[in-house]
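Here is how the chains run, residue by residue.
2 protein chains.
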Amino acid sequence: MNSMKIVGTGKYIPDKKIDNDNLEKIYNLDKGYIKKVTGIETRYYVENETLDTIAINSVKDLIEKNSKIEIQKVGIIIATSTTINNVMPSLSFQIQKYFDIKNCMCLDVLAGCSAFINALDIAQKYLTYSDIDYALVIGAEVLSINNYINDKDKILFGDGAGCVLLENTGQEKEYFSLIESISQNNDILTCDKNNNLYMDGKGVYKFATTKTVENINKLIEKADENKENIKYIIPHQSNLKILEKISQKLDIKMYTNIRKYGNTFCASIPIALDELVTMNEIKEKDKIILLGYGGGLNLGSILMEV
Amino acid sequence: MNSMKIVGTGKYIPDKKIDNDNLEKIYNLDKGYIKKVTGIETRYYVENETLDTIAINSVKDLIEKNSKIEIQKVGIIIATSTTINNVMPSLSFQIQKYFDIKNCMCLDVLAGCSAFINALDIAQKYLTYSDIDYALVIGAEVLSINNYINDKDKILFGDGAGCVLLENTGQEKEYFSLIESISQNNDILTCDKNNNLYMDGKGVYKFATTKTVENINKLIEKADENKENIKYIIPHQSNLKILEKISQKLDIKMYTNIRKYGNTFCASIPIALDELVTMNEIKEKDKIILLGYGGGLNLGSILMEV
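So the protein lines, in turn, are chains L and Z.
Our numbering numbers the first residue of the first sequence as 1 and each following residue consecutively.
Our numbering numbers the first residue of the second sequence as 1001 and each following residue consecutively.
Read the hints as simulated data drawn from the structure, not as lab findings.
Treat the hints loosely; a few may be bogus.
Unchecked claim - Simulated crosslink set (DMTMM-like; lysine to aspartate or glutamate; CA at most 20 Å straight-line): (1) 193(L) - 1049(Z); (2) 1193(Z) - 49(L); (3) 1193(Z) - 192(L); (4) 1193(Z) - 1153(Z); (5) 1211(Z) - 100(L).
Make a model of the complete structure from these sequences and hints.
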């Protein structure tokens, strides 16, 4: 059973554009190396902004794009980020406060880079099985600040925020999710609370190009759906080579924007979703698959009718 | 609709007992001051232990107490803590890894000191409305280490962990929840990711003795239940004066153990629940109310048939 529908999306990308030339000079890399290895051409860094402000800006964008939205009707706010600055009040509470939303439940979900999938799945449960009418789900990251990411890894990451507003329409829509945590080998991708990030590139590549494909194949089987009916896979944007490999193995069209924004962790799926919705590339009744994977290790996909 | 049932509980309290005499000397307080103001007589601090190990120890206690439990059947692990050490893999994933649980979804929830209520409510949704059969929900805190809590506030806090295992029985049981976030005034209780804690005692007292009572009265009305049928309120253990005030206003029996453990934030409700279950003070078919409140500000209660 599912009666959740996407009402609107929003995103916020900071102004400060960082291109590869600059980073290749700083980190003493050959010209063209970054694009060749990661597919990334630019990424954006915050300046005088915080996790809270960029998340709030993405919600402002959602409201601006969707003039009929009554943000006061939101009954649950779920935020996701790996670059949290406060444990309490956590990000979701700061969003509630900024927009002065009453009668609302707030929580943040930690589940690695793919926490947005968990958050959306929780929102679906509350919308379909409680008296809540609207849910706001946010992914935001400020990876460029307040962190000790290895220099070599800095070329991969960007800052940004994205959000989606969902409604309980009371009408049945296709929805299936498959979230699997695989912690046995989880030291290949870790991040402590000071944002000391460690990544075993080869290990992550292997995980991300095999387990994701198995997960989506199981999801499609669970949904008794045909690949041909899926308009887009909207994946976590980790690395263009990983994404091309997944898309090739599954033979389903995939949307990528990593060349513009880099890897924005929890923000990557809602930013991509917002771009497709804004370009009118996905419309009501289209079927899409959202795919998350990353630290935890965590892995999850959602097949949903828009 | 609800088909969730408590199967077992567990807790872990570290060995290092800290009594008031010691703290009153350190912080230059009159003898008897701490007990008079807070109701706390002792609290326990970790030694050479981490958030992960004390949470794992609480699950070991659950397994030891309930010989029939097959922990491998757990399909969702939800952990809560304000004293997180890793953003990814977060606590729930470390628990999955330790017990080598396959086919399981892991996530951590941040929602202040009352996140355990949110986590239990999410578990209820997954057990009742998905194919997951068992859920493990944990609250754990290591407030004595890795923090910069004001000396004056140190007298209040203790370390510990508690957990509950829940089953989807397929049989209807009474369950109602009411979770409300009230962020407008949320600077009265804050904690950044380095555990710099700030608390406005008077503001928290006012919030905790008024909004909680309103929340529980609304919950009882929503459930169309009689106060007389509630065997215990099992509250977050923040301060004995707050708890006595809430109990007096509501005229419902309340379980307190703050004199032994101090305020253990996210761990306080599952520790109290474990004590009552272990003492056989709550049994199958009893009706209880769990009450959480704290930073966010967040507030939530659950009325459930055991």
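Tested hints:
1. 193(L) - 1049(Z): Roughly 18 Å separates the two Cα atoms, so the pair holds.
2. 1193(Z) - 49(L): Holds - the C-alpha atoms of residue 49(L) and residue 1193(Z) are around 18 Å apart, at most 20 Å.
3. 1193(Z) - 192(L): holds (11 Å)
4. 1193(Z) - 1153(Z): holds (17 Å)
5. 1211(Z) - 100(L): Cα-Cα ~18 Å, so holds.
Violation of the numbered hints given earlier is absent; every hint is satisfied by the structure.
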